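Student: Quick mapping for you: the protein sequence lines, in order, are chains A and B. For the first sequence, the positions run 28 to 140 when the working numbering is used. For the second sequence, the positions run 1007 to 1118 when the working numbering is used.
One or more of the hints may lead you astray.
With a straight-line cut-off of 20 Å between C-alpha atoms, the simulated SDA-like cross-links for lysine to any residue are [as the list claims (entries may be wrong)]: (1) A:Lys95 / A:Gln108; (2) A:Lys69 / B:Gly1009; (3) A:Lys85 / B:Pro1106.
Incomplete in silico selection of chain B near chain A, CB under 7 Å [claimed, not checked]: (4) Pro1049; (5) Phe1051; (6) Gln1054; (7) Gly1062; (8) Ala1086; (9) Gln1103; (10) Phe1109; (11) Asp1111.
Treat the hints as calculated values from the structure; they're not laboratory data. Keep in mind that this is a model prediction, so the values were computed, not measured. Every residue, glycine too, gets a C-beta built ideally from N, C-alpha and C.
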Amino acid sequence: GENVEQHPSTLSVQEGDSAVIKCTYSDSASNYFPWYKQELGKRPQLIIDIRSNVGEKKDQRIAVTLNKTAKHFSLHITETQPEDSAVYFCAAAGGTSYGKLTFGQGTILTVHP
Amino acid sequence: ETGVTQSPTHLIKTRGQQVTLRCSSQSGHNTVSWYQQALGQGPQFIFQYYREEENGRGNFPPRFSGLQFPNYSSELNVNALELDDSALYLCASSSIQGGPQHFGDGTRLSIL
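Kindly produce the complete structure, drawing on both the sequences and the hints.
Tutor: Here's what the structure looks like:
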């Protein structure tokens, strides 16, 4: 089955800096890669997603890049703000696990004012 | 547009008991997936329902079962509860199979 590795497990940045979180996946048939933000005690919130026919997608301060050959994808947050502090999860789905999201272990992002 | 709603928000059970958790999908969504999230970990896929049938299952024993109703709402049933079943149970719905999944607030289940 699919296996998703996420790094780093914790990330601390100063307000205004950029943050990058990286994930690798094992199933070359996976074709859908969402990112979720989960604040303490709240639901995971879909913040951006990308499909395997696209190499990069951007939404304001957030961007995701995908390298299918290397089987890794990354979340980029620019001009970080304290409200970006949360746990971020990457996930992968598709191929034989159509509809089943396999999540990474999560990254605790802390943005210091 | 109504989002995904789950009930109850919290539940305390003892080992060996049975529990039923409920989920109403977001308006217009016909696919429901259930996930278990242990403290400090990412959600783990339990199973997905589409058109009232199980459509994919993760690595969970048969004592985890579910249902989907004609209005696309869903139930997760867990029998013979074990201490390790203590977790946040999340429901997610999507408008199509393989589409973006939107989560509810979850049910926090504690097993004593």
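Student: Each hint: holds or not?
Tutor: Against the structure, the hints:
no.: 1; hint: A:Lys95 / A:Gln108; result: 30 Å, violated
no.: 2; hint: A:Lys69 / B:Gly1009; result: 14 Å, holds
no.: 3; hint: A:Lys85 / B:Pro1106; result: 16 Å, holds
no.: 4; hint: Pro1049; result: 5 Å, holds
no.: 5; hint: Phe1051; result: 5 Å, holds
no.: 6; hint: Gln1054; result: 5 Å, holds
no.: 7; hint: Gly1062; result: 5 Å, holds
no.: 8; hint: Ala1086; result: 24 Å, violated
no.: 9; hint: Gln1103; result: 5 Å, holds
no.: 10; hint: Phe1109; result: 4 Å, holds
no.: 11; hint: Asp1111; result: 5 Å, holds
Hint violations for this structure: numbers 1 and 8, all remaining hints satisfied.
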